[in-house]
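Start counting at 1 in the sequence shown, then tack on 297, and there's your number in the working numbering.
Hints were generated in silico from the structure; no laboratory data involved.
Wrong hints could be hidden among the right ones.
[Unchecked claim] Here are the computed lysine to any residue pairs in the SDA-like style, where the Cα-Cα straight-line distance is at most 25 Å:
{"no.": "1", "residue 1": "315", "residue 2": "304"}
{"no.": "2", "residue 1": "315", "residue 2": "326"}
{"no.": "3", "residue 1": "299", "residue 2": "311"}
{"no.": "4", "residue 1": "310", "residue 2": "323"}
{"no.": "5", "residue 1": "299", "residue 2": "312"}
{"no.": "6", "residue 1": "299", "residue 2": "309"}
{"no.": "7", "residue 1": "315", "residue 2": "327"}
{"no.": "8", "residue 1": "315", "residue 2": "328"}
{"no.": "9", "residue 1": "315", "residue 2": "303"}
{"no.": "10", "residue 1": "310", "residue 2": "324"}
{"no.": "11", "residue 1": "310", "residue 2": "321"}
{"no.": "12", "residue 1": "299", "residue 2": "316"}
{"no.": "13", "residue 1": "299", "residue 2": "317"}
{"no.": "14", "residue 1": "310", "residue 2": "325"}
{"no.": "15", "residue 1": "299", "residue 2": "310"}
{"no.": "16", "residue 1": "310", "residue 2": "320"}
{"no.": "17", "residue 1": "310", "residue 2": "322"}
{"no.": "18", "residue 1": "299", "residue 2": "314"}
{"no.": "19", "residue 1": "315", "residue 2": "325"}
{"no.": "20", "residue 1": "299", "residue 2": "315"}
{"no.": "21", "residue 1": "315", "residue 2": "305"}
{"no.": "22", "residue 1": "315", "residue 2": "302"}
{"no.": "23", "residue 1": "299", "residue 2": "322"}
[Claimed, not checked] Label-pair restraints from in silico Cβ distances:
{"no.": "24", "residue 1": "328", "residue 2": "299", "range": "37 to 43 Å"}
{"no.": "25", "residue 1": "299", "residue 2": "327", "range": "32 to 38 Å"}
{"no.": "26", "residue 1": "299", "residue 2": "325", "range": "34 to 40 Å"}
{"no.": "27", "residue 1": "299", "residue 2": "320", "range": "38 to 44 Å"}
Even for Gly, the Cβ is constructed at its ideal location relative to N, Cα and C.
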Amino acid sequence: MKRARRFFSPEFKAETVKLIQERAYSIAQAC
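With the hints as extra help, turn the sequences into a complete structure.
Put into structure tokens, the structure is as follows:
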């Protein structure tokens, strides 16, 4: 499935936010 580069679906945004939150959480734990 190809996606237009400038179009971000709600699913994509939700996934990205989730990844960022998980990464921020793990960084906070490492400190």
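Going through the hints against the structure:
1. With a C-alpha separation of about 19 Å, the suggested pair residue 315 and residue 304 falls inside the 25 Å cut-off, and the hint holds.
2. Taking the CA atoms of residue 315 and residue 326, the gap is about 17 Å. The hint holds against a cut of 25 Å.
3. For the given pair, residue 299 sits about 19 Å from residue 311 by alpha-carbon distance, which is consistent with the 25 Å threshold.
4. A threshold of 25 Å between alpha carbons decides the hint, and for residue 310 with residue 323 the separation of about 20 Å falls inside it, so the pair holds.
5. A hinted pair counts as satisfied when its Cα atoms are at most 25 Å apart, and residue 299 with residue 312 qualifies at roughly 17 Å.
6. Between residue 299 and residue 309 the CA atoms are separated by roughly 13 Å; this keeps the pair inside 25 Å, and the hint holds.
7. For the proposed pair residue 315 and residue 327, the alpha carbon gap of about 18 Å is at most 25 Å, so the pair holds.
8. A distance of roughly 20 Å separates the Cα atoms of residue 315 and residue 328; the hinted pair therefore holds under the 25 Å criterion.
9. With a C-alpha separation of about 20 Å, the suggested pair residue 315 and residue 303 falls inside the 25 Å cut-off, and the hint holds.
10. Proximity of residue 310 to residue 324 is assessed by CA-CA distance (about 21 Å); at most 25 Å being required, the pair is judged to hold.
11. Note on residue 310 and residue 321: the hinted pairing holds, with a Cα-Cα distance of about 16 Å set against a maximum of 25 Å.
12. A threshold of 25 Å between alpha carbons decides the hint, and for residue 299 with residue 316 the separation of about 22 Å falls inside it, so the pair holds.
13. Taken as a hint, the residue 299 and residue 317 pair is honoured in the structure, with Cα atoms around 24 Å apart against an allowance of 25 Å.
14. Taken as a hint, the residue 310 and residue 325 pair is honoured in the structure, with Cα atoms around 22 Å apart against an allowance of 25 Å.
15. As the CA atoms of residue 299 and residue 310 are separated by approximately 17 Å, the hinted pair is consistent with the 25 Å bound.
16. Simply put, residue 310 and residue 320 have alpha-carbon atoms about 15 Å apart, close enough for the 25 Å limit, and the pair holds.
17. Between residue 310 and residue 322, the direct Cα distance comes to roughly 18 Å. Compliance with the 25 Å bound is thereby established for this hinted pair.
18. In summary, the hint linking residue 299 to residue 314 is supported, as the alpha carbons are separated by about 21 Å, within the 25 Å threshold.
19. Distance check on the hinted pair: residue 315 and residue 325 sit about 15 Å apart at the alpha-carbon level, within 25 Å; holds.
20. Proposed proximity of residue 299 and residue 315 is supported: the alpha carbons are some 22 Å apart, at most 25 Å.
21. Under the criterion of a C-alpha separation no larger than 25 Å, the hint pairing residue 315 with residue 305 is consistent with the structure, at around 15 Å.
22. The suggested pairing of residue 315 with residue 302 holds, with an alpha-carbon distance near 20 Å, which does not exceed 25 Å.
23. At most 25 Å may separate the alpha-carbon atoms for a hinted pair to count; residue 299 and residue 322 exceed this at roughly 31 Å.
24. Between residue 328 and residue 299 the CB atoms are about 40 Å apart, so this pair conforms to the stated range of 37 to 43 Å.
25. Separated by about 37 Å at the C-beta atoms, residue 299 and residue 327 satisfy the suggested range of 32 to 38 Å.
26. Between residue 299 and residue 325 the beta carbon distance is about 36 Å. The supplied range of 34 to 40 Å therefore holds.
27. With their beta carbons about 27 Å apart, residue 299 and residue 320 fall outside the hinted range of 38 to 44 Å.
Checked against the numbered hints listed earlier, the structure breaks hints 23, 27; every other hint is satisfied.
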